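Residue numbers (our numbering), protein chains in the order written: chain A, 447 to 629; chain B, 3 to 366.
According to the in silico footprint, chain B covers these stretches of chain A (three or more CB under 8 angstroms from chain B):
{"#": "1", "segment": "496–506"}
{"#": "2", "segment": "550–563"}
{"#": "3", "segment": "575–583"}
With a cut-off of at most 30 angstroms between alpha-carbon atoms, the simulated DSS-like pairs for lysine-lysine come out as follows:
{"#": "4", "chain 1": "B", "residue 1": "133", "chain 2": "B", "residue 2": "74"}
{"#": "5", "chain 1": "B", "residue 1": "68", "chain 2": "B", "residue 2": "133"}
{"#": "6", "chain 1": "A", "residue 1": "537", "chain 2": "A", "residue 2": "566"}
{"#": "7", "chain 1": "B", "residue 1": "282", "chain 2": "B", "residue 2": "73"}
{"#": "8", "chain 1": "B", "residue 1": "333", "chain 2": "B", "residue 2": "73"}
{"#": "9", "chain 1": "B", "residue 1": "177", "chain 2": "B", "residue 2": "306"}
{"#": "10", "chain 1": "A", "residue 1": "540", "chain 2": "B", "residue 2": "306"}
{"#": "11", "chain 1": "A", "residue 1": "540", "chain 2": "A", "residue 2": "519"}
{"#": "12", "chain 1": "A", "residue 1": "535", "chain 2": "B", "residue 2": "282"}
{"#": "13", "chain 1": "A", "residue 1": "537", "chain 2": "A", "residue 2": "511"}
{"#": "14", "chain 1": "B", "residue 1": "306", "chain 2": "B", "residue 2": "333"}
{"#": "15", "chain 1": "B", "residue 1": "60", "chain 2": "B", "residue 2": "177"}
{"#": "16", "chain 1": "A", "residue 1": "488", "chain 2": "B", "residue 2": "282"}
{"#": "17", "chain 1": "B", "residue 1": "192", "chain 2": "B", "residue 2": "177"}
{"#": "18", "chain 1": "A", "residue 1": "519", "chain 2": "A", "residue 2": "488"}
{"#": "19", "chain 1": "B", "residue 1": "73", "chain 2": "B", "residue 2": "60"}
{"#": "20", "chain 1": "B", "residue 1": "282", "chain 2": "A", "residue 2": "511"}
{"#": "21", "chain 1": "B", "residue 1": "306", "chain 2": "A", "residue 2": "511"}
{"#": "22", "chain 1": "B", "residue 1": "306", "chain 2": "B", "residue 2": "320"}
{"#": "23", "chain 1": "B", "residue 1": "282", "chain 2": "A", "residue 2": "540"}
{"#": "24", "chain 1": "B", "residue 1": "333", "chain 2": "B", "residue 2": "192"}
{"#": "25", "chain 1": "A", "residue 1": "535", "chain 2": "A", "residue 2": "519"}
{"#": "26", "chain 1": "A", "residue 1": "537", "chain 2": "B", "residue 2": "282"}
{"#": "27", "chain 1": "A", "residue 1": "537", "chain 2": "B", "residue 2": "306"}
In silico negatives: residues of chain B with every beta carbon more than 10 angstroms from chain A:
{"#": "28", "residue": "70"}
{"#": "29", "residue": "72"}
{"#": "30", "residue": "163"}
{"#": "31", "residue": "207"}
{"#": "32", "residue": "261"}
{"#": "33", "residue": "332"}
Please keep in mind that the hints were generated in silico from the structure rather than gathered at the bench. Only a predicted model underlies this, so the values are computations on that prediction, with no experimental measurement involved. C-beta atoms are modelled at their ideal positions from N, C-alpha and C, and glycine is treated no differently.
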Amino acid sequence: MSESEIRAYAQGRGFHDQTLTRWLGWERTDRDALGELASGLKIGENHLRDMMDWLEDTASRDHAKISQILATKAISDLSTDPRLGRADKVKRIKEHLRRLRFPRLAQTEDEIRTRIQSLKLHPEIRVSVPPGLEGGRLHVEFTATSATELLTIAGKLRAAAETSLAPEIFELLAGTHREKERE
Amino acid sequence: MENFRPEELIVEHGSESSRIYANLRRTLPQVPVKFVDDIGSDANTHFAHRDPFGAAKKKLYLTRYKGDFFKKCPGSDGQVCCNYFVINFASNCPMDCSYCYLQEYLLDNASLKVFSNVDDLIDEADRTLQKHRGVFFRIGTGEITDSLALEPYTGMVRELIPYFAEQLNVLLELKTKSDCVDSILDLDPKGRVVVAWSMNPQPVIDLDERGTASFDDRLVAARRCQDAGYRLGFHFDPMIEYRGWEADYQTMLEQIFATIDWHRLSWLSLGVLRETPRLKRMMRERFPHSRLLTGEQVLCPDGKMRYFQPLRVEMYRKMVAWIRRAAPTVKIYLCMESRDVWQQVFGFAPACEKELGNQMAPVD
Ligand code: SF4
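So here's chain A without its partners, still in its complex pose:
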């Protein structure tokens, strides 16, 4: 993708000058690799900015080129997967880049997610963690239409809280799980 094509793409989608200048400031191969991906998936500015942040940091940390990261099989598989729509492709590619950028955060999130799933809670009880795990709290959400239903849900929650999984989730949120592993 040439410089003029990148300019046209950015202008067409109303990008801020700052974003365009940053993009054009990249090495040519990096700039073009992102251009191919962005134009193929019609990526908007906010998504692109996140991707640029993560790509720059990952490349710098791993002493790699951005174009090398974008040329990996994982990215090309996602961007050409016929089962995925455009928005899902963008979402999955972003998630992949985020995981590359934040490997330990992603791993901690995975470990928490696995344990939440293993709690096998009723579908009406939704358990989630805050973005980036900031705050260290587990969010538990449920609704009930009667006192009986509320008691049933509370009973299920109590049973879940009494498993060994619940403290493990809080240890993961508090960064203390590895202390246990070392003991």
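Position chain B with the ligand relative to chain A; hints supplied.
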């Protein structure tokens, strides 16, 4: 530590009769001096430079400060604050750390300035301290400058210590990454002055604390201050996470506790690397290869990026354990952290900032 040699000393009329001016002329005789009516326009010349913030550190301005010297430390939204007050006798710093928040905070006013009206500063402090005799003030001088880096040239702190040493409701904290303590060692701080070093292992200093004193030199300076009767503090802030950080930080702590009598330490603080997204962009421009840019930081509710919570809590807990092994009862606090993090690190969070401030008051 590198000697400071400004390219020029620019003196605003009205400051040439000050003791600070006399000190600067005596200690920097070879530096050209220019007198101006108002430093306003001259102080913006660095903007034309490719690295304006770096350029701003190369000239030294001497001017009278016209606002209030004495301020409450702003802290950070939603974080437990340590009830701290600040006095600014200078603005900006001759050293150049990659993570320095002044790059953002002083962006539009970056020139390196020293304020000549030290008597006004003391008068203002005196009015406040007399009026609130029942309040204990922990006062810092290193919020928008390093407290001691310019001391060999300005003699500013030497002017302040005799006054603060006499106040019963004060601890004056001089926070530094320098080793510039020679000029204060013969003064009697009477237990009212804490000299506090911001400490990092030498590999962090080498990469990201340009122009500062080495770890060994800071430690020797700290020991000399302790021997001269000063209280000491150490700020492990910003703590940097990288492959091998544990070994480096443990060794650093061992060296500190082998050199310093920890029973006479006033406090230790812990804080991880933090910056706003805007500061991060500035760091990226000025220090594109810094490894600080690639840590696993996330945006926190106060608008600052920090290592994600489980990671930084793990770092704090390790540091606290290593410190406690050597100094079981030393006061440790977290800088700019939420109650949740306090709770996870210590198992409690101070109820309010006053409580934390009171814990820092001297016990003798
Ligand atoms: S020593 Fe402090 S004030 Fe000076 S550049 Fe470093 S962080 Fe900034």
